[in-house]
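A.B. asks: Residue numbers (the working numbering), protein chains in the order written: chain L, 1 to 274; chain A, 1001 to 1153.
Keep in mind that the hints are not guaranteed to be accurate.
[Said to hold, decoys possible] Over 12 Å on every C-beta distance to chain L, these chain A residues come out as not near it, computed from the model:
hint	residue
1	1046
2	1060
3	1091
4	1100
5	1117
6	1118
[Said to hold, decoys possible] Looking from chain A toward chain L, a few residues come up when the C-beta cut is under 8 Å (computed):
hint	residue
7	1056
8	1059
9	1069
10	1087
11	1099
12	1140
13	1146
Quick caveat, the hints were computed from the structure, so don't treat them as lab data.
Nothing here was measured: the structure is a model prediction, and the numbers come from that model.
Glycine included, each C-beta is placed from N, C-alpha and C at the ideal position.
One-letter residues, chain by chain:
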Amino acid sequence: MAALPEPGAMTPRPFRVERRRRETYDTWTLSLAPVQGEQPDVAPGQFTMLYAFGVGEVPISVSGPPLLQTIRAVGPVTRALCASRPGTVIGVRGPYGTSWPVEEAKGRDLLIVAGGVGLPPVRPALYHALEHRADYGRVILLYGARTPADIVFRRELERWRSRMDLEVDVTVDAAAEGWLGKVGVVTTLIPRAALDPAATAAFVVGPEIMMRFTARALVDQGLSGSQIWISTERTMKCGVALCGHCQFGPSLICRDGAVYPYPAIEPYLGVREL
Amino acid sequence: MKTLDTLLAESPVFAGLDDARLGLVAGCARTTGFEAGDYLFREGAQADTFYLVRQGRVTIEIFVPGRGALAIQTVDPGDVIGWSWLFPPYRWHFDARALDAVRAVAFDGACLRGKCEADHTLGYELLGRFSPLMLERLQATRMQLLDVYGGAA
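Construct all of the structure, not just a fragment, from the sequences and the given hints.
C.D. replies: Take a look at the structure:
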């Protein structure tokens, strides 16, 4: 019998849901393990294409090792993925895309600004910095969410806040009575972080509007564009630079992103047609 | 113990004012304090005082029937609370409530308006310092209105 052909780039590998953890009312983290073979090597910031069989496929950033994927249920595919109980088999392609420049940031203060479900894609970079803590100066996480109920990784944020070697500040856009934390948009946290502009590398991830405002606020603080990286997203279909759905200016986000140096992507962020 | 002039000179909003005008501003100021839960001012009340927060945090909120008090912004040490003393009809549009023990400098708005009327250079200086804060707040409010996280995947 002829050997089966090697799976192509468009063929998902079967992975089993080992654990499922609720992060918020609409966001879940799946821990995935390959049905056969090894876990893939994933660099901080990369994404995979997750396939809910019979429903569809979506790009989801890896939120932790070895293969944690944090998903917000906003459509049929993500709802199906979030509903996947332990034992469910789903398809995985990848990992794909560029990664946070954790090596390049060594020797500098590392500032992470995340908004909403932008925290999961940058969490692996934070894990890396904490594992190699001596390689970085200050490590600062500024996180903004819509409301207290939308804060992801809440228990972990509380643990991070108790660390002496990590500065964490959290704010929400709106809150009802009982919330004792900060209220205001995430950019309001930046001036208070007392950054050393010349010595800071900034990783920014969140909704595109939030990233635009955040990048401008960082430039206002004295950072140059080359010290800022952002993770952007557009509709991705193939994940392997074939279909062109994620074209953004001259680049394809699945191949050239999702993590970009800010100067490479900034000219296109304000282009309405893109 | 620091004098009022020193406290003001160290605050971002008044830093760099010349000594004479700092003295004029200090003449309308006094130190004050609030316990957690105390209101610095209430919606609809006469806006005759504004505050420079020195310690503690304050929440700016509005009461919505059926939903309770909704926080719009929290104010940290070094920030100024209140613009309504600057413009007629001098009434607060929101509540300001201490989240924890707060130490602040309170300013008599009418006193300061009078000094600005008498010394237009002081008025120009102060508007030049307060306007960027109001602009910053307006822009932050617009971002909040955008509800940027609402539709994000």
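A.B. asks: Can we keep the residue 1146/A interface hint, with Cβ of chain L closer than 8 Å?
C.D. replies: holds, 6 Å
A.B. asks: Quick one, is the residue 1099/A hint okay against chain L at 8 Å, beta carbons?
C.D. replies: holds, 6 Å
A.B. asks: Is residue 1060/A truly not at the interface, in the sense that its beta carbon sits beyond 12 Å from all beta carbons of chain L?
C.D. replies: violated, 8 Å
A.B. asks: Should the label of residue 1100/A as a non-interface residue stand, given a Cβ cut-off of 12 Å to chain L?
C.D. replies: Given a closest Cβ separation of 8 Å, the condition is violated.
A.B. asks: In terms of Cβ atoms, is chain L entirely out of 12 Å range of residue 1091/A?
C.D. replies: holds, 22 Å
A.B. asks: Classify the hint on residue 1059/A as holds or violated, based on whether any CB of chain L lies nearer than 8 Å to its CB.
C.D. replies: For residue 1059/A, the interface hint holds, since the closest Cβ of chain L sits about 7 Å away, which is under 8 Å.
A.B. asks: Take a quick look at residue 1117/A and tell me if its Cβ sits farther than 12 Å from every Cβ on chain L, holds or violated.
C.D. replies: holds, 32 Å
A.B. asks: Under the criterion of a CB-CB separation shorter than 8 Å, is residue 1056/A in contact with chain L as hinted?
C.D. replies: violated, 12 Å
A.B. asks: Does residue 1069/A pass the interface hint, meaning its C-beta sits closer than 8 Å to a C-beta of chain L?
C.D. replies: holds, 5 Å
A.B. asks: Would you say residue 1046/A is clear of chain L, with no C-beta pair closer than or equal to 12 Å?
C.D. replies: holds, 25 Å
A.B. asks: Under 8 Å, Cβ to Cβ, is where residue 1087/A needs to be relative to chain L, so tell me if that hint holds or is violated.
C.D. replies: Given a least distance of 23 Å, the restraint on residue 1087/A is violated.
A.B. asks: Taking the closest pair, is the beta carbon of residue 1118/A still more than 12 Å from chain L?
C.D. replies: The claim holds: residue 1118/A sits with its nearest Cβ about 33 Å from chain L, beyond 12 Å.
Going through the hint list in order, the structure does not satisfy hints 2, 4, 7, 10.
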